[in-house]
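Asks: Let's have the full structure, built from the sequences with the hints guiding it.
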Amino acid sequence: MIRMTLTGLLATALAGFACQVSAAQLTIGFSQIGSESGWRAAETSVSKSEAKKRNVNFKIADAQQKQENQIKAIRSFIAQKVDAIFLAPVVSTGWDAVLKEAQAAKIPVVLLDRDIDPSGKELYLTAVTSDSVHEGEVAGDWLAKTVGSKACNVVELQGTVGASVAANRKKGFDTAVAKHANLKVVRSQTGDFTRAKGKEVMESFIKAEGGGKNICAVYAHNDDMMVGAIQAMKEAGLKPGKDILTVSIDAVPDIFKAIAAGEANATVELTPDMAGPAFDAIIAWKDKGTVPPKWIQTESKLYTAADNPQKIYDSKKGLGY
Amino acid sequence: MALRLPRSGVPQVLAFLAILAINWTVSPQFFDIRLQDGRLFGSLIDVFNRGAPVALLSLGMVLVIATRGIDLSVGAVMAISGAIAASLADTHPLPVVLAAALGAGLLCGLWNGLLVAVLGIQPIVATLILMVAGRGIAQLITEGRIVTFTAPELVWFGGGSVLGIPAPVAITLGMLLVTLILVRGTALGLMIEATGGNARASALAGVGTTAMTMAVYVWCSLCAALAGIIAAADILGADANNAGLWLELDAILAVVIGGTSLFGGRFSLVYAVLGALIIQAMNTGILLSGFRPEFNLVVKAVVVLVVLLMQSPRLSGLGLLLSRVSK
Amino acid sequence: MAVTPLLETRGLTKSFAGVCVLDHVDFTLRAGEIHALLGENGAGKSTLIKLVTGVVSRDAGTVLLDGAAVDLRSADAALSAGVATVYQEVNMLPNLSVAQNLFLGRQPTRFGFVRESEMRRRATVLLNEFGLDIDVAAPLGDYSVAVQQITAIARAVDMSARVLILDEPTASLDKHEVEILFAAMRQLAGRGIGIVFVTHFLDQVYAISDRITVLRNGRLVGERETAKLPRMELVHMMLGRELSEVTVARSHHVAGMAHPPYAVFRQFGKAGTIAPFDLELRSGEVVGLAGLLGSGRTETARLVFGADRADVGTATVDGRAARLHSPRDAVQLGFGYCPEERKTDGIVAELTVRENIVLALQARRGLLKPLSRREQDEIATRFIKLLDIRPADPERPIGLLSGGNQQKALLARWLAISPRLLILDEPTRGIDVGAHAEIIRLIRQLCADGLALLVISSELEEIVTYADQVIVLRERAHVTALTSDAINVTSILAAIAADLPRAA
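Chains as they are written, first to last, in the working numbering: chain U, 12 to 332; chain V, 558 to 884; chain G, 1034 to 1537.
Calculated directly from the structure, the hints in this document are not laboratory data.
Every residue, glycine too, gets a C-beta built ideally from N, C-alpha and C.
Where hints are given, some of them may not hold.
No more than 25 Å apart at the CA atoms, straight line, and that leaves these computed lysine to aspartate or glutamate pairs for DMTMM-like [as the list claims (entries may be wrong)]:
no.: 1; chain 1: U; residue 1: K297; chain 2: U; residue 2: E112
no.: 2; chain 1: U; residue 1: K250; chain 2: V; residue 2: E700
no.: 3; chain 1: U; residue 1: K70; chain 2: V; residue 2: E700
no.: 4; chain 1: U; residue 1: K250; chain 2: V; residue 2: D589
no.: 5; chain 1: U; residue 1: K195; chain 2: V; residue 2: E851
no.: 6; chain 1: U; residue 1: K268; chain 2: V; residue 2: D594
no.: 7; chain 1: U; residue 1: K328; chain 2: V; residue 2: D594
no.: 8; chain 1: U; residue 1: K156; chain 2: U; residue 2: E310
no.: 9; chain 1: U; residue 1: K299; chain 2: U; residue 2: E133
no.: 10; chain 1: U; residue 1: K245; chain 2: V; residue 2: E851
no.: 11; chain 1: G; residue 1: K1208; chain 2: G; residue 2: E1073
no.: 12; chain 1: U; residue 1: K59; chain 2: V; residue 2: D594
no.: 13; chain 1: U; residue 1: K328; chain 2: V; residue 2: E700
no.: 14; chain 1: U; residue 1: K181; chain 2: U; residue 2: E220
no.: 15; chain 1: U; residue 1: K328; chain 2: U; residue 2: D128
no.: 16; chain 1: U; residue 1: K245; chain 2: V; residue 2: E700
no.: 17; chain 1: U; residue 1: K268; chain 2: V; residue 2: E851
If you want the footprint, here are the derived chain G segments under chain V, 3+ residues with CB under 8 Å [said to hold, decoys possible]:
no.: 18; segment: 1356–1367
no.: 19; segment: 1390–1396
no.: 20; segment: 1399–1411
Replies: Right, here's the structure in full:
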């Protein structure tokens, strides 16, 4: 697995170098999917601030969940002769034609957050995405380490049935847990990635498992469902974080509030900073001709009560989650 | 339009009891009830508590459907009222919060009523407008994030209780009573059934069909706004993207399961609410069963089909025939 | 020498739900003739057409094409046998071009591809034969109804139709468009095509038809040559009974003028619907409205009841200016209205007899003063008994009752509000003979009880038995008012027929 980390310092140095060579500010267009979730809003606002850090002229087009809007935006970026195009693809297919146009115009394209159909690999420079299987593994590893050797019944709140993220996060967690005979996923249901469904499903889990006494840990495919599940546990007279361990994925601000309050134990970050590594890759490619790897995987960092959750909450709060 | 004799409600009650019995077999502690923090606690209570929002929606929806209309916007109205309530909860007193959220529902209802009753736009198209735009409005209010609150007065609507009965259940029961009094205590029920059965004839008999239609859309939106407040209070936050999402379909289904025809006319408030409970009993049962989530929708579809078949006049005719033959 | 007729029906019979709507009807269409099929609403014209084209199956009788019995089972089968029908609402696709409509399903192709240019060329030629010179590539919906009608006719003829049935083709056409259509019809007749022309515009009948067949109440009244049939006799064929039945003894009371009228309408009218009229309705008097279909009878009734809003004139009720903007206003004033279309405008089929009976009274009392169930039961039972509604079950859905009993329940709905004025639109239509007599008796009884009545009826010999005044309508205007001894079938018929053009 190839990982690429560039320090901010190096980036700044390179940016300075770029200024000296081309004496021109980079212009980069970003075709963003929309603002369907808090994470998406955070990604947009983080990409703006990352662009500012690197003195990039950054243009964002909101596609409102429509591929045709994204294609239009890319064509307009090509017409404006931007230096690079970032694309967060709303679907994985149907990009060949417009990406060929970008290639013909010699404008590099970087995919953010999601990959496209494998047939288009030569049509983009690199893809900056998280590995959602790995996210599940990180969560599972943490749980195995925390529980140690004692037997532990885990209940799982899945994401929307059919969503690839949900399937991957389940797969990663199952892989990690399978290595430990004392860990067992006893119930698994979909909570549709929402707080309300997360709460409802957790309520039924608690009742089905002896009022929660048989449950040792909850794993949720996202933090929102976990926030709902925490409420369900509290309403059932249980102490989440103590009676029942929690681990979930995404690292949205509200889960840090719960961790700070001792009601949640751990979260795995899906970083909203996809644009930062992308900027660095483009700058290195433009200035030094460094060809980046085809996949730049973002870090899936684990946060617990040991990471000063209140401070992270305060810093994440303003990002638009 | 088939002529139906007055319904008995037997299929609905039987279906509800059957589903509860099945739930009991998949989960032996299903009927266990205890007090938790002064509030009834148990799977059966979950059925009523989780079913409350859809039951509220079906209270309004059944009146709309009785006038041969439909309201697709109730889910979006839930999102709007929840967003408003959550945004104001920590900074304003409860009466202001409620007035604003329910007021928004009132406006939504007037809008739908205007389009349907005054401008004569087909209900499915007219309410589709608010179904799409309403969620957008809610997202504008919350700026796309989940707006959380802590004000205990509003939290009560989700987590509070009246004499041990969870607040959402108590509120829904109260609304059922109010709606029953409004509709059956006055001549409104007859007028609605007449309007739905034959609007032209009713207008010629002196029934104010326009005002009637307007009133049912307003009531439907008000019920939806109340459901939105409960949904927000339940998760201590307004999730504009997901609050009430697709619940309009559950509400319509509840009304249909409750035996009210989509062609309008005869309706039953109590059985519509029972329809909502049937749907929720099914949901809760599926969650308790430990089936893989991939089966949820299939199981639900099969059960709904069975309940609707039980009501089918043709099938009941067939059943009658079979019983005669067997004799 | 007897020429074999193009199309012939013998003893065609059809009943719906026990009511005979077509009773042994013979009809003959010869090649090259334009044959008008006439009759009032419910006379059986459309049923006859549907039986001929196989849209509805017949109970008895035969259909012969060129002297050979045929058994057409659908509009498609009829079309391939050469019998085409063009309805008033043109049954084509307005979003496709004229040419596409003409050749839909039989487009000229080469190697499986539609030859658009060839299709347009042939469409232009085809329409030129009918005197139409239009852009055939434009969507059909862009053209007037007349052009759409002719396109539909041209398509039918081009598909080798020999019998063309035109069902009220001129209903929504203006004078010029009618001329275009008539020219096309004459040209087709000249080619030997037989045309059945259904209409209720008598001047058009005389302008174009060669022969006339009149139906009444599902029976054949007669077939005549247009040139030999005086207009007076035609109207009589359509409306009158056998002359022997006409003279019914009755006593008109003339004293009505003594007390002031209950409701007075002055220059009351609505543009495009009915010309302004004066009307005085007195308690204890029956005013009858007579005229042909479409003459403005129902329009008058709807205006008086507020179902349509008058745009000129004044209404005075009990000496006070009255607002009549909606049926609600009328009901508040004590008006009742039994419309002609019982099923669509009268009953709420799904509701019970009880609920149907109390509906108007409840609407008048308002939402907040609900009738208790006991009051409802009492009212329903009283009227079921009074009017002898059968079966005497107030909880039966009204849709399950016979037409006559539905009509009585609707009367009960209005009697329950203790009305001052009752408007009855064709109260005896579609009702079996027994109930028929009862309803006439009831009208007389109500009148004697002091109600003001406004009654529309096509049954002239009925009107003369109960009306104290008969207003004759023609072409959406009140033209004559007949009183006392002037009220007899002959004078009403004369008034109705007065303005019709003489047979050519």
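Asks: Out of the numbered hints, which ones does the structure contradict?
Replies: 2, 7, 10, 12, 15, 16, 17
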